[in-house]
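There are 2 protein chains.
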Amino acid sequence: MLDKAPNGRVSELLATLDQALSAGDVERALDLFQTDCYWRDLVAFTWNIKTMEGKDQVRAMLEARLAETRPTNWKIADGEDSTEADGITESWIQFETAVARGFGHLRLKDGRIWTLLTTMVELKGFEEPQGFDRPMGAKHGADRNRKTWKEEREQEAAELGITKQPYCLIIGGGQGGIALAARLRQLSVPTIVIEKNERPGDSWRKRYKSLCLHDPVWYDHLPYLPFPANWPVFSPKDKIGDWLEMYTKVMELNYWRKTTCKKATYDETAGEWTVVVERDGQEIVLKPKQLVLATGMSAKPNMPKFEGMELFKGDQHHSSQHPGPDAYKGKKAVVIGSNNSAHDICAALWEAGADVTMVQRSSTHIVKSDSLMEIGLGPLYSEQAVRSGMTTEKADLIFASLPYKILHEFQIPIYNAIRERDADFYKRLEAAGFMLDFGDDDSGLFMKYLRRGSGYYIDVGASELVANGSIKLKSGVDVQRLTEHAVILTDGTQLPADLVVYATGYGSMNGWAAELISKEVADKVGKCWGLGSNTRKDPGPWEGEQRNMWKPTQQPGLWFHGGNLHQSRHYSQFLSLQLKARMEGIPTPVYGLQQVHHLG
Amino acid sequence: MLDKAPNGRVSELLATLDQALSAGDVERALDLFQTDCYWRDLVAFTWNIKTMEGKDQVRAMLEARLAETRPTNWKIADGEDSTEADGITESWIQFETAVARGFGHLRLKDGRIWTLLTTMVELKGFEEPQGFDRPMGAKHGADRNRKTWKEEREQEAAELGITKQPYCLIIGGGQGGIALAARLRQLSVPTIVIEKNERPGDSWRKRYKSLCLHDPVWYDHLPYLPFPANWPVFSPKDKIGDWLEMYTKVMELNYWRKTTCKKATYDETAGEWTVVVERDGQEIVLKPKQLVLATGMSAKPNMPKFEGMELFKGDQHHSSQHPGPDAYKGKKAVVIGSNNSAHDICAALWEAGADVTMVQRSSTHIVKSDSLMEIGLGPLYSEQAVRSGMTTEKADLIFASLPYKILHEFQIPIYNAIRERDADFYKRLEAAGFMLDFGDDDSGLFMKYLRRGSGYYIDVGASELVANGSIKLKSGVDVQRLTEHAVILTDGTQLPADLVVYATGYGSMNGWAAELISKEVADKVGKCWGLGSNTRKDPGPWEGEQRNMWKPTQQPGLWFHGGNLHQSRHYSQFLSLQLKARMEGIPTPVYGLQQVHHLG
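Those protein sequences? They're chains Z and S, same order as listed. The first sequence begins at 1 in the working numbering and counts up one residue at a time. The second sequence begins at 1 in the working numbering and counts up one residue at a time.
Since the hints were derived computationally from the structure, they do not count as laboratory data. A portion of the hints provided could be inaccurate.
Put simply, identical chains are the same to the list, so a pair is met inside one copy or across any two.
What the hints assert, rightly or not - Computed cross-link-like contacts, DSS-like style, restricted to lysine-lysine with a CA-CA straight-line distance of at most 30 Å: (1) Lys287 / Lys300; (2) Lys331 / Lys147; (3) Lys305 / Lys55; (4) Lys287 / Lys258; (5) Lys124 / Lys305; (6) Lys164 / Lys55; (7) Lys75 / Lys150; (8) Lys55 / Lys331; (9) Lys305 / Lys427; (10) Lys249 / Lys75; (11) Lys300 / Lys124; (12) Lys329 / Lys249; (13) Lys109 / Lys164; (14) Lys206 / Lys263; (15) Lys164 / Lys332; (16) Lys313 / Lys263; (17) Lys147 / Lys472; (18) Lys331 / Lys519; (19) Lys249 / Lys196; (20) Lys164 / Lys427; (21) Lys332 / Lys75; (22) Lys472 / Lys249; (23) Lys332 / Lys258; (24) Lys139 / Lys109; (25) Lys329 / Lys150; (26) Lys147 / Lys206; (27) Lys139 / Lys405.
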């Protein structure tokens, strides 16, 4: 027999919560929470992405939002059982609000709510046509003048953006724009994605040739159409490019290739954007209500300014422009930087027979790919997790249920274990002069990613080349200047160079707002990404969520969408529901709108 | 508590079977079978697709094959429970042979085996790289001269068929060829698919424009990559075309577009084919060991010869060549035939505003699409089935577990129920003069499909047009002759015509063998498809399986693969394993090789 005791406890608590919330009795509801409680809400209560930390914040949110949200029918999710381990009771839960159905996750400590995740699944009356509700395809019966699927698709493609305006325009047709557009199509939100490249997937294809995804396949599924069981663990860049291209086609996205955004302006009164785009050489003006920048959280290159760059006679470019190693066999290459791209490019250049030096200017977090997979992602995203019944959706929600405020506490033990497991590896790297770190608080890679989106390398082989001297290393120095044929470092070292690669990272996404809209709008919105953790490159104050991502900003009608494939998949659900609600005129009062503390 | 009694009974029987077979004691094993038993084997024991009917046939097979097959480890399949209903105990089972792992299905009646299905799942040592064994994609470590995924794919594409010979050549790149090639790739069998059209999926795209699949989505999944939950129930032809095209790409098939086979000859001594193909205008000679005709079980048009056809001044063509209705608005069209294509074409012509007459020469089986879906396919292939835990793989195996000899007995009640449900509909059709049948033994559509591949229409709307006279009907007549501007029927009716469509069906697949190889080989192989049921267009003697499909033929190295998407998916598993075993030199003595009773 299954121990039904946790089910009973959770059911009882949910019944009490239901009664209290239905009665508008905020204090009674608060009695069910721990003092150190966290309630993370993805759109269901706040029309925002928001974590309430502690009872006061929960109280304030409920006082502002309870009357309108009208949550009911709290219960253990259909087909699920609550579980108990280490004094924590966990449960999948479901609930409804006045306008939506919700799903969530609950952790109880000492019988009270420690963490609560509430997410919006679907808007009532606007459910996605799936499963029992999938389209018929064939139109049975006979009807003169009916159109075929192909004719309807062609008509839509011919009209949208020309004689009919899209409700939503997504700038950037990488994984983020594609995943969001797929969800918006299922929600019948007329959407155009514009992409500067010729084919969907080109933003991967055009990168350096040895590139493979650094995240494993279980973490990378797109919505609706998971990778098959024979898909490689780490997708080669051209293969993921092909997948994105076919996905765009079979999901029937309105995807404008070879199209760039020239200028976007917002009419506050009309609540409408005017966006001038150039589509394959032709200028077209679009008038969407909503504008999504899915231009890549790592797409605006930071190009450094070093003295003498203009004198240098060899090739020099930002890592994002690096064509791959083929032209550099037997040449001298200097790579400035020591994060993911720097390592991948150094290794590929070495493999192609170049003489490579990496210039490490500050410490870097290194974690071996297999250790990260096994210890870091394994419990949620791995073949083992799949076999034990973990779905992608549940893994995403469990991950989402851990409050950012305490996420580092869950991460530190993982990286301590990795440090122990790979102690020899780290020792050899340090012996080669490499400057290592594990983040300001030793919380490792994922926190670095969330806080600053940089500062690490997931080792797939380059570290061995650094350790054994195949890739030469200069660390703890910076570039002083360039000459015609060399890079001069601050310690006086002269590195002869035919090629200099600046693997110097990327700027905040609101740089795109500055470029495409205006400096004023970029400043009004402020910096994107980061948590306000007051660690290096992530200044406070504490935000509780990632700045400006997938949620309303200070600029009405402007949204930022991006991140890795996991985030593109998971957060596109919540962004698409926010956009759909606005299109349908469902009131969406935003609780706790993003404040601006940094300009980017 | 689950009732474990059926598990106990099945386990006991399997243990006895295991002992008897391990001891080579055929009679003791036979004691476990009913007198009216059926053992259907897909490759595991017979290296053939073969149903043993009754104890004598089981005995003969075991005497021939037991010693070499060496089956062991018979047990209830991992994670499954036996069930009992209506006096029948059912169970999923697993077993091993000397060279393979098997999965199967068992039905006990009065404690003895009534039906047994044994299927080969994988060859030991040649398992597909899936799940835990999926490829890494990224090659961790560093290695000078290593190639990227893209470079390897490009090299393979450049070499295969030019400097390296494929082990297998598949002629025909429709759903059959594509599904088989996908499995062969996973098994590392070097394979080329040649296709006359420009793009994968064109064999669907090029058909009449209103065409949608007549089978619902749950029945149509391809291997490895199921359709997503938002896929339409009945795929429009262009949408399934796009899916096949993307599938070909992401499954990395070596697919030669715009390529036709000119001539194939077999060298018995070398065990090798010489196949002359024309690839985009260039002649190339291929030397595969195995040749698969996946040219479509309905791809060789039956063009009738009527007196006066050469005089006719209007358009006339076989249904497979019909361009769609757009040019025939206001014109007079005569469609000869009354099966699927005839109905679809008549309806589309009517919708486009043509004056349409259908000439029904013999009775036709009609079943409404929704009735077929709900009553015919629902328990195995439907959203309801999915929700109740039925997987595509299990549905295929349950279907495969019903012996052809008695399959009609399971089908007759289904069609009786449909007749009752749709009695009004059938009455109205007959009132319009339409000649109905439900098959010689009232077993309905699927038996007609298996026996003759023709003789029916799945109604998606055209029957209403026939019933209400929108599509004019002449039934119980044949064509006597054509004149310059009319079709003259045997009852003297003169049908003025601007267009005549011959929806007169297709010939047997061995017509392709005659055309591409020789009349001698076609005759040596004999007719394809059909069961030998001694019903109309399916002459006896009884075969027990479909003639020549997916299994060895009298011509070494020649295989026929085809059928609907279900069959393409399911039988490609067994054909691919037969081919792989031959490539690896695993002995594959064929038990009960196809005999030839009809030339085609």
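For each hint, the structure was consulted:
no., hint, in the structure
1, Lys287 / Lys300, "within (25 Å within a copy, 52 Å between copies)"
2, Lys331 / Lys147, "between (60 Å within a copy, 20 Å between copies)"
3, Lys305 / Lys55, "neither (48 Å within a copy, 86 Å between copies)"
4, Lys287 / Lys258, "within (19 Å within a copy, 43 Å between copies)"
5, Lys124 / Lys305, "neither (53 Å within a copy, 60 Å between copies)"
6, Lys164 / Lys55, "neither (48 Å within a copy, 70 Å between copies)"
7, Lys75 / Lys150, "neither (44 Å within a copy, 50 Å between copies)"
8, Lys55 / Lys331, "neither (62 Å within a copy, 77 Å between copies)"
9, Lys305 / Lys427, "neither (34 Å within a copy, 85 Å between copies)"
10, Lys249 / Lys75, "neither (39 Å within a copy, 45 Å between copies)"
11, Lys300 / Lys124, "neither (39 Å within a copy, 51 Å between copies)"
12, Lys329 / Lys249, "neither (39 Å within a copy, 32 Å between copies)"
13, Lys109 / Lys164, "neither (54 Å within a copy, 65 Å between copies)"
14, Lys206 / Lys263, "within (25 Å within a copy, 42 Å between copies)"
15, Lys164 / Lys332, "neither (55 Å within a copy, 38 Å between copies)"
16, Lys313 / Lys263, "neither (35 Å within a copy, 60 Å between copies)"
17, Lys147 / Lys472, "between (64 Å within a copy, 23 Å between copies)"
18, Lys331 / Lys519, "neither (42 Å within a copy, 64 Å between copies)"
19, Lys249 / Lys196, "both (17 Å within a copy, 23 Å between copies)"
20, Lys164 / Lys427, "neither (62 Å within a copy, 47 Å between copies)"
21, Lys332 / Lys75, "neither (64 Å within a copy, 64 Å between copies)"
22, Lys472 / Lys249, "neither (45 Å within a copy, 40 Å between copies)"
23, Lys332 / Lys258, "neither (35 Å within a copy, 46 Å between copies)"
24, Lys139 / Lys109, "neither (54 Å within a copy, 44 Å between copies)"
25, Lys329 / Lys150, "between (50 Å within a copy, 20 Å between copies)"
26, Lys147 / Lys206, "between (39 Å within a copy, 17 Å between copies)"
27, Lys139 / Lys405, "neither (52 Å within a copy, 36 Å between copies)"
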